[in-house]
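J.: The primary structure of each chain is shown beneath.
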Amino acid sequence: MAKKHNDYVDLKEKPIPEGRHLLEVDDLKMFFHTEDGIVHAVNGVSYTLDRGETLGVVGESGSGKSVTAMTLMGLIDMPPGKIEGGNAYYRGESLLEMTEEQMQHIRGNDIAMIFQDPMTSLNPVYKIGRQLGEGLRLHRGYTKKQALERSIELLRLVGIPNPEKRVNEYPHQFSGGMRQRVMIAMALACDPDILIADEPTTALDVTIQAQIIELMQEMQQKNGNAIIMITHDLGVVADMADKIMVMYAGRPVEFGTADEIFYESRHPYTWGLIRSIPEQAIDEKKPLTPIHGNPPSLVNLPSGCPFAPRCPYAVDVCHEKEPEHIITETGHYSACHFADDPAFLKFAPDTSRSRGKIATGTPDTLATSAEGSEA
Amino acid sequence: MAENNEKAPLLKVEHLTKEFPAESGVFGGRFAKRVVSAVNDVSFEIHEGETFGLVGESGCGKSTTGRTIMRLSKPTSGKVFFQGRDVAAMNKKELKAMRREMQFIFQDPYASLNPRMTIGEIVSEPMTIHGIGTKEERIERVRELLDVVGLNPEHINRYPHEFSGGQRQRIGIARAFVLRPKLIICDEPVSALDVSIQAQVLNLLKELQNKFGTAYLFIAHDLSVVQHISDRVAVMYLGKMVELSDWKTLYTEPHHPYTQSLLSAVPVPDPDIQKSRKRIILAGDPPSPIDPPSGCRFHTRCPIAQEICSKETPEWKQVERGHYCACHFAQKFPIKETHIDL
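Chains as they are written, first to last, in this note's numbering: chain A, 1 to 375; chain B, 1 to 342.
No lab work stands behind these hints, which were simulated from the structure alone.
Glycine included, each C-beta is placed from N, C-alpha and C at the ideal position.
Hints may be right or wrong, so weigh each one.
With the C-beta cut set under 10 Å, the calculated list includes, among others, these residues of chain B facing chain A [unchecked claim]: (1) G120; (2) Q200; (3) E207; (4) H221; (5) V225; (6) P271; (7) T313; (8) W316.
Coverage of chain A stretches by chain B, computed from C-beta distances (three or more under 8 Å per stretch; other residues unrestricted) [said to hold, decoys possible]: (9) 111-118; (10) 211-218; (11) 291-299.
Whole structure, please, built from the sequences with the hints as guidance.
T.: Next comes the structure, spelled out in structure tokens:
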């Protein structure tokens, strides 16, 4: 374990160079070299993030959303992983060129991560207080006593009742939602600049999910940190995200503000995702419009656009040429050959806004139809 | 749909209760003093060709309800009538016959298929067990069914590991349909799948229902999925059924405060709706089903709980035709602009 160096200056104290962003990921490529071939896990990811912002990363399993985050954190074993191009800058410094010692200062201190499964990401044989205080002792040089006191404060902050007692308990004495709160407290202990949350609510029930999302937003307002929210649930990003990146087969296929992704999407995969979700409270039940087929293997990627085999609109050029990112003035990009073709964009799904019935939270009554279902 | 109320229901569940011993001892917990009250006094009916949705959070007893109906575990008390006959009183032979008509689709498409069997063997096994057809006939039927569920009949000799999660769930569905059962209990059939695959499987279930007229007991935690597929929906909380109605009423006019908060907690994939709607965030975690709260089991988290709620168990009463609710203050309109602090 690295000791706290007193002469070390926290990167988060450093001002962001003029014209730069808090986090800049630029055409990042990370492939795994395995016996079966090269796995194109992260293939040209680019985005920027500023303090106070939330980036939602959406995609299906195996689309590379978690691996991208783990690459930034230096948590990928190299080999089999290998950076094949691109870079990532945190406050103007390249994360990929840092030494392991520097990365240890970054992890937990500047960039912290919450994992999906609160059951397995806490150590069952250590008390909560010890696990919570670990980062503080490591990065801030707190004494045991100081760390314990701060841990109690943190537990109180994330809404755990009776923190003085709970701090001396073990993870198994906490429920799933409580454990996720502990994870959040742990991630926020050193007041990080960026909080990466990898499917933080997937293992939780909806009422608990709502509590956790609320808590993360509250903490963000208080601390001004940026959040990278990795999820497969478009509902969760609609709730939280300022910007959204949609990933497919290791590639970012679309990136834009939440409004751009939900209401002005320019990529057929995003359309497919939106159409796959059962609409809540409508008068008539229509069959869902799924995306046909299965995601491709990351070893044998189809030639051309990786989504072409499943894309209902694919034409010859899609199977032949890999699309470039077509960027609008606002920075909204889409990796589709037809992203700037107005005639093509007419295929985009109807959303509540385009239907002109901005919701009130109550179901719409526009569609008139016989009651009940077709079954 | 549920219009054929005059007809005898396919499945009738009356005051079903299932308790498990809370501690295991030398006698397998038979003399345990404390019990886990997993399902408590649950009653409902399922009609032919209908989809009945059962929603609730983990630990609310929805899966136990499904398993007890199928007699994968024996009810502590209460009755389950399938086609007019009491499942709890059946002997082994009768049970076997009953299970020809009632099948199960499991949540985990990885764990529920034997990795050492080919998919042909997996799908035809129910026919083998029930001694249906000759070997050739069975293979013919399996091929036919594989085609119906959207798999290539040529893959009949492949093993489960050669298929993706969505395809495996299709195999599980083919297995459930091979005997042409009257009722299929689907326990979280899509929750392990990605959204785009989930939509494929939901559409398939709907298609097969239209084709074979099978009734579903659809158990899931995802409200939007349940709403999409179900004709009628029941909500469970901590072993109790709290509300039951047709899908539309449940989603547009929920009476029970738990249903209301559950609905408001579901994130809607639409930023405008998300920003404008009011949310009820419940405080705390669901209590343990060992020694559940007195009175209404929801009163510890309920935003509108009164004194009576902790004392008296609310009655399961009909508020409108076909709409049942168990709340002392069952009311039509959402809880006033509530936002409970954590």
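J.: Checked against the structure, which of the hints given earlier come out wrong?
T.: 1, 7, 8, 9
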